[in-house]
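Dock chains E, W and V against the given chain P, drawing on the hints supplied.
4 protein chains.
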Amino acid sequence: MIPRYSRPDMVAIWSPETKFRIWYEIEAHACDAQAELGVIPQANADAVWKAKDVDFDVARIDEIEAVTKHDVIAFLTHLADIIGNDEARFVHQGMTSSDVLDTCFNVQLARAADILIADVEGLLAALKRRAYEHKDTVRIGRSHGIHAEPTTMGLTFARFYAEMDRNLSRLRDARAEIATGAISGAVGTFANIDPAVEEHVCAKMGLVPEPISTQVIPRDRHAAFFATLGVVASSVENIATEIRHMQRTEVLEAEEFFSKGQKGSSAMPHKRNPVLTENLTGLARLVRGMVIPALENVTLWHERDISHSSVERNIGPDATITLDFALARLTGVIDKLVVYPNNMLANMNKFRGLVMSQRVLLALTQAGVSREDAYSLVQRNAMKVWEQGKDFKEELLADPDVCAALSPEAIEEKFDLGYHTKHVDTIFARVFGED
Amino acid sequence: MIPRYSRPDMVAIWSPETKFRIWYEIEAHACDAQAELGVIPQANADAVWKAKDVDFDVARIDEIEAVTKHDVIAFLTHLADIIGNDEARFVHQGMTSSDVLDTCFNVQLARAADILIADVEGLLAALKRRAYEHKDTVRIGRSHGIHAEPTTMGLTFARFYAEMDRNLSRLRDARAEIATGAISGAVGTFANIDPAVEEHVCAKMGLVPEPISTQVIPRDRHAAFFATLGVVASSVENIATEIRHMQRTEVLEAEEFFSKGQKGSSAMPHKRNPVLTENLTGLARLVRGMVIPALENVTLWHERDISHSSVERNIGPDATITLDFALARLTGVIDKLVVYPNNMLANMNKFRGLVMSQRVLLALTQAGVSREDAYSLVQRNAMKVWEQGKDFKEELLADPDVCAALSPEAIEEKFDLGYHTKHVDTIFARVFGED
Amino acid sequence: MIPRYSRPDMVAIWSPETKFRIWYEIEAHACDAQAELGVIPQANADAVWKAKDVDFDVARIDEIEAVTKHDVIAFLTHLADIIGNDEARFVHQGMTSSDVLDTCFNVQLARAADILIADVEGLLAALKRRAYEHKDTVRIGRSHGIHAEPTTMGLTFARFYAEMDRNLSRLRDARAEIATGAISGAVGTFANIDPAVEEHVCAKMGLVPEPISTQVIPRDRHAAFFATLGVVASSVENIATEIRHMQRTEVLEAEEFFSKGQKGSSAMPHKRNPVLTENLTGLARLVRGMVIPALENVTLWHERDISHSSVERNIGPDATITLDFALARLTGVIDKLVVYPNNMLANMNKFRGLVMSQRVLLALTQAGVSREDAYSLVQRNAMKVWEQGKDFKEELLADPDVCAALSPEAIEEKFDLGYHTKHVDTIFARVFGED
Amino acid sequence: MIPRYSRPDMVAIWSPETKFRIWYEIEAHACDAQAELGVIPQANADAVWKAKDVDFDVARIDEIEAVTKHDVIAFLTHLADIIGNDEARFVHQGMTSSDVLDTCFNVQLARAADILIADVEGLLAALKRRAYEHKDTVRIGRSHGIHAEPTTMGLTFARFYAEMDRNLSRLRDARAEIATGAISGAVGTFANIDPAVEEHVCAKMGLVPEPISTQVIPRDRHAAFFATLGVVASSVENIATEIRHMQRTEVLEAEEFFSKGQKGSSAMPHKRNPVLTENLTGLARLVRGMVIPALENVTLWHERDISHSSVERNIGPDATITLDFALARLTGVIDKLVVYPNNMLANMNKFRGLVMSQRVLLALTQAGVSREDAYSLVQRNAMKVWEQGKDFKEELLADPDVCAALSPEAIEEKFDLGYHTKHVDTIFARVFGED
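Residue numbers (UniProt numbering), protein chains in the order written: chain P, 1 to 435; chain E, 1 to 435; chain W, 1 to 435; chain V, 1 to 435.
Note that these hints are calculated values from the structure, not bench results.
Possibly wrong hints are sitting among the right ones.
Identical copies look the same in the list; a pair holds intra-copy or inter-copy alike.
When the alpha-carbon atoms are kept at most 25 Å apart in a straight line, the in silico DSS-like pairs for lysine-lysine are as follows [what the hints assert, rightly or not]:
(1) Lys393 x Lys50
(2) Lys384 x Lys350
(3) Lys350 x Lys390
(4) Lys69 x Lys422
(5) Lys128 x Lys69
(6) Lys204 x Lys52
(7) Lys350 x Lys271
Okay, chain P solo, but in the shape it has when bound:
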């Protein structure tokens, strides 16, 4: 994660301040539950809340950690300095560091997921708006990068909407995967702490108790979470690639928004680069690369080894911050994308009418012309378009053999764009609902 590709709300989730705040809340709620169980005095539990509005001193905690070599102990020492050593002496009782660390990590991931979910919702709104705006903007559909049949720009936006809507579901599932907490002790047996503490803390922190943990929360959950981010990132790349293609000089069906004042825009109007979507392509690679380490993290030795930790200290922030940034950037790109309907028409007509050759071929055979003859008829006219730049429809209308099989109206009809757009409403209803 680097500042250039970061947004503050997501970064804040991963700050030391946030982390210590979550640790504090876990410890304080655990004390409440312990007091309720009669394990520790109520007064001591109450005392912990004295720090409720205190800003923890990160630098001070770091200093202590430099000595103790233990982050949780450093924090607890600092907390004791605030609420008093005597009052603090039951804090963390019966817990292991992982109870705090793992539960905190999942709180952070859940909050990160909330932002990502909101990001996708924002992107969906933009995609929907642009889809309706360009519902009937005809452009050529392409398979293999080659002109196939007409479609509309609205359908392009709509399919990205549908894809991102699936990602929304996946993110919600992914959030549920990691929104669990565990306060179950050194090997998960609750030997030193009652399961009721876990239940209380989880309820307060918005988590579900992990049904069975060891020293740690099982990492298949995190693997599923990061794998989902990898899928979402790949969808970001998919959309970004479409736009990069549309913006290339020879296509020019759309451009990323380029503000008037932006340097070089008008002296070199042909040189507006799709740098945002290119950047998104790279960011997708980054997020995708974090999937494998997350999958490798699933295998831990016995009740835990700590190999996952260094991975997560990196990919926890990096994957969520990068994806958040990418989704927001993509939303901006979609929102302001400059679409060129005229260029779309011009491109479609590059080989004047040739994209309709398959319909004509089909019509001829349906009119009783043998497959071979039909093929030959289409071919001789198509080659005039291809080689001499003639207009396909005009050639057909002037070809007596074609006209013997098809009326001028029938020929005209084959070039009707409405033929290709007649089900757009149906598809929109499927994607956006029937309203």
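Okay, now just chains E, W and V, sitting in the frame of chain P:
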């Protein structure tokens, strides 16, 4: 995929015979729908069903494909040979190859998912049985590969059960992800075919119509599917690794089942290798390696490029066949795993009672001894165990300073294994339900 | 690996016949060395060579393996059937299965590397030929998919040549990485066999003795090997992507060769799909996906675990067969690529002269016009081109303010393509040598 | 990259200060070459060196970039502020941003490689020292985690030495891969700048001119570089895993150094966790995860797209900093590893003499006992060891049938450890050279 790591039911899904059967069904159902719409004659639709019980001649289709260079055309030619050229002439009308290929692929993936789901259910049954069998079999819990606190073998099985139960949910979700079909034409506009055909075919094939497709079904679905297989495979490795650890000579808490007759077993009883779980570790790597290509497949150019195809021709069969084999092999391993409770106790007592030192330390401080003094008391007795092989409890009972703080009963209590297993029932109830 | 993407020579390397032949040679050479050392009788060593021209019966070996559950023992049993039990009784003495398996695997990988090296050499020849053919074929260079400055098609071929030439070096290094053998016994100590045997066998098999092995040859070698294949595959994708871009309808600067008879080519001349290069893109993903499992294979427990084996049984053949096929396919594509120089010129002139605007801007400032004024002068003429389709040079020549700073000749010179191609020979000399 | 896993020298390479310093040097040397060519005045070239000892003001450059949205322009503006606008007006003439950015990136990577190479050299020294120290320290070799035959701890260190020595070669090759520079203009044609400038700058910066570049240096070089880091990281994990295994409670053949004062060490002497090597396992996953994005970066559109940039801004620092930290940490671990030869012997003798059963079996058959009888003899004595804890050698010596075939001396000889270590010197000579 190689035969050594394959099972026949899963392999059969990916056979040419199955593929052509599915193609046939798609085409036949499409004809029914076309006839219902009045687009083609009912008689022609009916005629297609003449091939219902015919075994397609794969070699013949391959021969035709060698000439036409087109697999779907080769199949249709063969079909026409069977039902008659005239009867066959409306087959595939308005459809593109991808309508058949993509819908077929998803049928295959959905069936593959069904097998994988059944595999996991079988594995869950084995894990549950072994969990209850060893619910109270005490063994040492380990963090960092180092003895921590006691747990039970039943909890180990139970946590693998919980992990695989999550994988069951994930596989069901993954199945839903790819159980869609599309018959929407060259660029997904339904220009040449009514959406009703897609609806009919999908209903018959057990699929949901893809709300919006291009020439292909969007590949984020497949990415999510294969990513899920990667998570499941990683869980397989997680369980396999636990067993490999348990079987290593110095630990020997369990062994993969080794049949009496198996060569070398009794002349070299110490040399029984966990080759099945080692193999599972490798198979997990293979499945995991297929996640990235599946994620890269999401980005296709415009309405489709065919880059995804060669990837899927490989990972479609390979990932599902490998994971099916792995799950079945793991189920066998779990089912017949030879567990050595006595060795578990012996391991736990390797450093006679030392694993309880933390409890003693805590008890001393709770009894009012200062942290420093408590630490010192534990230390001097622990070192006698560590360096001279003494018994920790006996040393404590013989240490007057310890006995001044703790009664003999209190000391004895710290070595009570029941302390560690008291919540096993609670955890089992969470994992397996309250019955 | 599937037949569709396979070539016979590479497939043959991975056949059971080849494998058993290599095993046989290893065993026979080992016997020679053992006899030379006086460890086994010379007659027994000689007897092994009786099988020199015998075709091993793979089906029979499989039958035996089905009983013994051990592939090497099955082979040795079959060998003994051929040369006589008594004669065979010193075969494999002092060796472990891995001595044979690992050494064989490296022989196979080295041979596979030889084919890949020859593939790249063939590709280089094609690239070089096309580079010289199109050394002076001007086309527009593009950054971000947007027109930048002119370059030549020859430079494009030349840079792919340089890239593949680097891959040639990498493949040679990769071959050296895995061309080692080991006959060092159960844990690599040569306890039961003299190092001289390893030396003799390796010399005969074209390998270098592994300086220190355990039961296996260290897998960092294989990781480096497969990582190299991943790099080469990525270069294949790089070239494939360039061609896919060139073939897209709006660009049409080149096309994959499309034989006259190929269906649909002339009735739909606009619909020739770059299916070969799209396919190469997918194959690259496959090979790349095998890098991670190979890297994960490096970590084996102690003197070996067998987790690497299932991975290698797959990626050994799959990665080499796929890459061989891809390189050969790419060579064919390059060799026959249809290049359209006229379209290249037409594309370059799409925005009539605008690609030269930066040169004009620079020339104005060098002529003493202030940056702001120069910018403004270029801008007002550029916008006429962009918005009204005027010709940039003509507008400049007609702009008195421009002409006040630059002579007509100077303006003309800015549009001289020779300016951009003047160093092509220098670059070619760098890439192809000074001849 | 996070501070916790970073070392200052490597971090410094990636600081903005270093980057601007390198940019400056590139620009200054380019001016020299331009002046030498007569393209710009010598005085202007000389003026640039006025900034030679100036510390650039990163914050100021960032401010300018916030306005210009262009990092290189921001730097050049700042440079002009320092040396004077008039003096600076020929700086960067004929160059594009990528000339500076790409050349700088490769300088940084080459310097990073130098540190990594030094890291590996340091690690090699530690491994060699420990190898000789424990050349004759016998321990059991293990395949599949199961006792196989004796080996020595020195051989373990020696094989890690050999593996890391290969990594040293690979890193040197990787350094050579990326130690190139390019100053070739917008599409690599040198249209606006003479190749002599590139040659001069590269020579001064310790680089080789890239034979053919586009706007960028080809990314197959970087892919090969990062793939190599992935191999090295995997070797780090391999060594780390060996140590983690050795430290697990039941094995305890070695421990990471644990300073006397370290908390908990003596009160819980059994609870020293191999946290450093566990951490290395995670760091290896991180570096490995960066290989795939680097491979995906190879494919750029035409003469460049900028998708690689965001990837490299992350993995450039992250991969090198992480690997540097990992290598240094591993060196410390090896250097101070506490080895327990007595525990090695105790482990080897866990099943008293059974590891020799294969040698006895072989000796019996060589003494003329039939395979079946020999097997049966070994078996009945082995089972007494396995089930009743007897000593294998004593049982054999007491078995009249065994003694009928083998003399007591012959039996004793089978238990001679010297048999297994006799070639250690040979292997050491291979690994470390003949001296």
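Here is how each hint holds up against the structure:
1. Lys393 x Lys50: Neither. Shortest intra-copy (83 Å) and inter-copy (41 Å) distances fail the 25 Å Cα cut-off.
2. Lys384 x Lys350: Both ways: Lys384 and Lys350 sit 14 Å apart in one copy and 23 Å across, limit 25 Å.
3. Lys350 x Lys390: both (11 Å within a copy, 20 Å between copies)
4. Lys69 x Lys422: Intra 69 Å, inter 33 Å, cutoff 25 Å: neither.
5. Lys128 x Lys69: For Lys128 and Lys69, the Cα distance exceeds 25 Å both inside one copy (52 Å) and across copies (31 Å).
6. Lys204 x Lys52: within (15 Å within a copy, 59 Å between copies)
7. Lys350 x Lys271: Both, since 22 Å and 13 Å are each at most 25 Å.
Hint check: violations occur at hints 1, 4 and 5; the rest are consistent with the structure.
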